[in-house]
Every structure is written in structure tokens, then in C-alpha cells.
Amino acid sequence: MTPAPLHVAGERLMLDPAGLLAWPARRTLVVGDLHLEKGSHFARGGRFVPPYDTRETLQRLHLALRRWRPARVILLGDSFHDAGGAGRLAAEDAALLRRMLDGVELLWVLGNHDPVAPAGLPGTALEEVQDGPLTFRHEARRGPVKPAEISGHFHPKATMPTRCGGVTRPCFVADAWRVMLPAFGAYTGGLDAGDPAIAGLFPRGARLFLLGQDRLYSMPTGPARGLRVTAAGSA
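For the sequence shown, the working numbering assigns the number 1 to the initial residue and increments by one for each residue that follows.
Simulated from the structure, these hints should not be mistaken for laboratory data. C-beta: ideal position from N, C-alpha, C; glycine also. Among the clues, some could well be false.
Pairs of lysine to any residue residues, derived as SDA-like cross-links and limited to a Cα-Cα distance of at most 25 angstroms, are as follows [said to hold, decoys possible]:
#1 K146 to T135
#2 K146 to A91
#3 K146 to A9
#4 K146 to H62
#5 K146 to E56
#6 K146 to A25
#7 K146 to E11
#8 K146 to T159
#9 K146 to G205
#10 K146 to G194
#11 K146 to R178
Simulated DEER-style distance windows between Cβ atoms [what the hints assert, rightly or not]:
#12 A71 to V116: 19 to 29 angstroms
#13 L63 to E105: 17 to 27 angstroms
#14 Q130 to M1: 23 to 33 angstroms
#15 A176 to Q59: 32 to 42 angstroms
#16 R27 to K146: 37 to 47 angstroms
#17 G165 to A119: 44 to 54 angstroms
My request is simple: use the sequences and hints to build the entire structure.
Below is the structure:
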């Protein structure tokens, strides 16, 4: 995979096409909205879906951990789909989670779906994490943000024009002070980046980084959205 560099508040961050963010200077990997055990949550309400979302999400996360080898992982909230999700983890999934994060500092940022620390799992639960010029929280705050902000929550997606019609993909949304991550979970939907809930956080416009198979595709949003799409890092 080819990550795209992004400079925010003087820090060099890397956007990974898998949908996560790396901060090499701090050996930190940041992941948004895993929504683990969403399938089992639906099943309890009588809505039966294939119960493989947690395993697929953890396997993708495991690949990213092997690729980046971080010393710290920050999960940006809604890591579980509900407060009881950690208790429904299959024993083998819980073992995989512990094994792949062994020796890694794990910080659980609390979200609206998981407002309490996950029981029985390693790591530290926090409302938000501040490190140098960056603050990591679940939901972006309205108004100016200084220090800079890294968030999730909205599951941004965007449609990229192509010769065969529009292609809709999850995306990062970023400007000089704010980065919003796409949802990482297997069973997560998305909100269009042009929706006022997202666009209102970027009043001067932003750059979108759509997830491709092994690279990101960048395009502007706001007044200049009609400009051409480019492969991030190559133009």
C-alpha cells in the first residue's frame, strides 16, 4: 500500500489506504470507529446478519499493525457498537486482540456507542488524548481547533467522478488543522462529506482522500471541488 503524507500543525502524518492514520514521529497508529460486535448487536434485536464483522475487522487491523509496527495505538471511539460489545467477544477474537496488541500501548477514546471502558481488555480508556499539537477525540468540535484535532464519528465517504460514472468510497477529510478518519469497521456505513454535519466543520473547504485498493485518491471539496482527481502522493 502507498500511504499519503499530510502535514497538520507542523506534524507529518501518513494516511493509509486501509483507512487509518500513522504518526511516525510518535510511532502511533490511529484508527476510527471499529464498531466491533455490530453483527451480534443486530442479532440480539432479531436482525440477523452474517456474524463475521468482528473477525474481519480485527484481521484487517492485524495487517496494519504488522505493516506499521507502532508502539502506541489510539482507537478513536465507537470501537464497540454498544457498551456490552466487549462482553460478547468470542474467546478466539478476544485472544487475537490481546495477542496482536501485546507490547503496544493501547488507548481507547470513548465514543457515543461505547461510553464506558471495555471490560476485560487491556488498555486505558480516556475521553480524549492530547499529545503535542494534536488532540485525538471521537467527535470533532465546532469552531476553531488549536491544538489540531484528529477525530472519527461521522464515517465520511465521497463520490469520485470517473468515465464510467461516480465511484463512492470512504474517505479522510482534512485541512491544515483537522483530520477526520473514515470508519474502519467491516459493517459501517458512511455520511457524504458534503453533508452539513461534516462540511460545516470545514468552512473554508478541505481535501478528501478516498480509499482505493492500495492508494488514496485526492480531490478538493468546497468551492474548488470541480478540480480533477489525482492519486495522492503522485501529483
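Do the hints match the structure? See the list:
| no. | hint | in the structure |
| --- | --- | --- |
| 1 | K146 to T135 | 9 angstroms, holds |
| 2 | K146 to A91 | 42 angstroms, violated |
| 3 | K146 to A9 | 9 angstroms, holds |
| 4 | K146 to H62 | 32 angstroms, violated |
| 5 | K146 to E56 | 36 angstroms, violated |
| 6 | K146 to A25 | 20 angstroms, holds |
| 7 | K146 to E11 | 13 angstroms, holds |
| 8 | K146 to T159 | 30 angstroms, violated |
| 9 | K146 to G205 | 18 angstroms, holds |
| 10 | K146 to G194 | 24 angstroms, holds |
| 11 | K146 to R178 | 9 angstroms, holds |
| 12 | A71 to V116: 19 to 29 angstroms | 26 angstroms, holds |
| 13 | L63 to E105: 17 to 27 angstroms | 20 angstroms, holds |
| 14 | Q130 to M1: 23 to 33 angstroms | 29 angstroms, holds |
| 15 | A176 to Q59: 32 to 42 angstroms | 34 angstroms, holds |
| 16 | R27 to K146: 37 to 47 angstroms | 24 angstroms, violated |
| 17 | G165 to A119: 44 to 54 angstroms | 46 angstroms, holds |
Comparing the model with each earlier hint shows violations of hints 2, 4, 5, 8, 16; every other hint is respected.
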